[in-house]
Amino acid sequence: EAGVAQSPRYKIIEKRQSVAFWCNPISGHATLYWYQQILGQGPKLLIQFQNNGVVDDSQLPKDRFSAERLKGVDSTLKIQPAKLEDSAVYLCASSLDRAGGTDTQYFGPGTRLTVL
Amino acid sequence: DQQVKQNSPSLSVQEGRISILNCDYTNSMFDYFLWYKKYPAEGPTFLISISSIKDKNEDGRFTVFLNKSAKHLSLHIVPSQPGDSAVYFCAAPARGLHGPPNNDMRFGAGTRLTVKP
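So the protein lines, in turn, are chains A and B. Sequential numbering from 738 applies to the first sequence in this note's numbering. Sequential numbering from 156 applies to the second sequence in this note's numbering.
Just so you know, these hints were derived from the structure itself, not from any lab. Check each hint, because a few of them may be wrong.
Straight-line alpha carbon distances no greater than 27 Å define the calculated BS3-like cross-link-like pairs of lysine-lysine that follow [said to hold, decoys possible]:
1) A:LYS781 <-> B:LYS160
2) A:LYS799 <-> A:LYS820
3) B:LYS209 <-> B:LYS226
4) B:LYS271 <-> A:LYS781
5) B:LYS211 <-> B:LYS226
6) A:LYS808 <-> A:LYS752
7) B:LYS160 <-> B:LYS223
8) A:LYS820 <-> A:LYS752
9) A:LYS781 <-> B:LYS226
Looking from chain B toward chain A, a few residues come up when the C-beta cut is under 7 Å (computed) [unchecked claim]:
10) PHE201
11) PRO256
12) ASP259
13) PHE262
Note that the coordinates shown come from a computational prediction; the quantities given were computed from them, not determined experimentally. By construction, the Cβ of each residue, glycine as well, lies at the ideal position given by its N, Cα and C atoms.
Looking at chain A on its own, in the form it has when it is part of the complex (with noise of 0.2 Å):
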């Protein structure tokens, strides 16, 4: 079974810079999350989608970043513009939305951004 894919692996852009990621889940995997992890931090969620709709997106900051998963497989996150302060490693999970109790998520390897 294929994992959690993202591109690019490493992104260096410079302040006031577009960038945009990609995320392709574990097929029939129907809840997808983007977190944000800063050097020294643990992985703070970003946005979580269950298929195509959003379940949270309390801590996106949405002036700035957007996510949208169309057709509820792949999703992409954008910022726009950047900051020097979004320098980060980009995670994305999928997990299956077993009905109730848990459901183990399954991390990509992450997209590093370097904002010059």
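Put chain B on the given structure of chain A with help from the hints.
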């Protein structure tokens, strides 16, 4: 608001010995906890979990202990192996088992474990 805290950024142990990684939480609503393991250049992978109705959960060499009164949990690895060297994250869904799975997952900052041969 950091509701899950891992106060030790690093831990070094000898191969064959016990590794104990600690985690504290502040939100008494948390009722489910997970440990993730992360190797460099890879995403975190799920390791073990525990529900608040238990005080211990064991899976092979890995055991998680939960002390609800102290709002503290720990991960024990016995015996430790060099391949266990990684960053370990403690996490909890903010709405616990009563919310959607993995809801608003809160992660600690991680502890880097080094197991020396």
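Results for each hint:
no. : hint                  : in the structure
1   : A:LYS781 <-> B:LYS160 : 13 Å, holds
2   : A:LYS799 <-> A:LYS820 : 14 Å, holds
3   : B:LYS209 <-> B:LYS226 : 13 Å, holds
4   : B:LYS271 <-> A:LYS781 : 31 Å, violated
5   : B:LYS211 <-> B:LYS226 : 14 Å, holds
6   : A:LYS808 <-> A:LYS752 : 31 Å, violated
7   : B:LYS160 <-> B:LYS223 : 15 Å, holds
8   : A:LYS820 <-> A:LYS752 : 5 Å, holds
9   : A:LYS781 <-> B:LYS226 : 21 Å, holds
10  : PHE201                : 5 Å, holds
11  : PRO256                : 3 Å, holds
12  : ASP259                : 6 Å, holds
13  : PHE262                : 3 Å, holds
Checked against the numbered hints above, the structure violates hints 4, 6; every other hint is satisfied.
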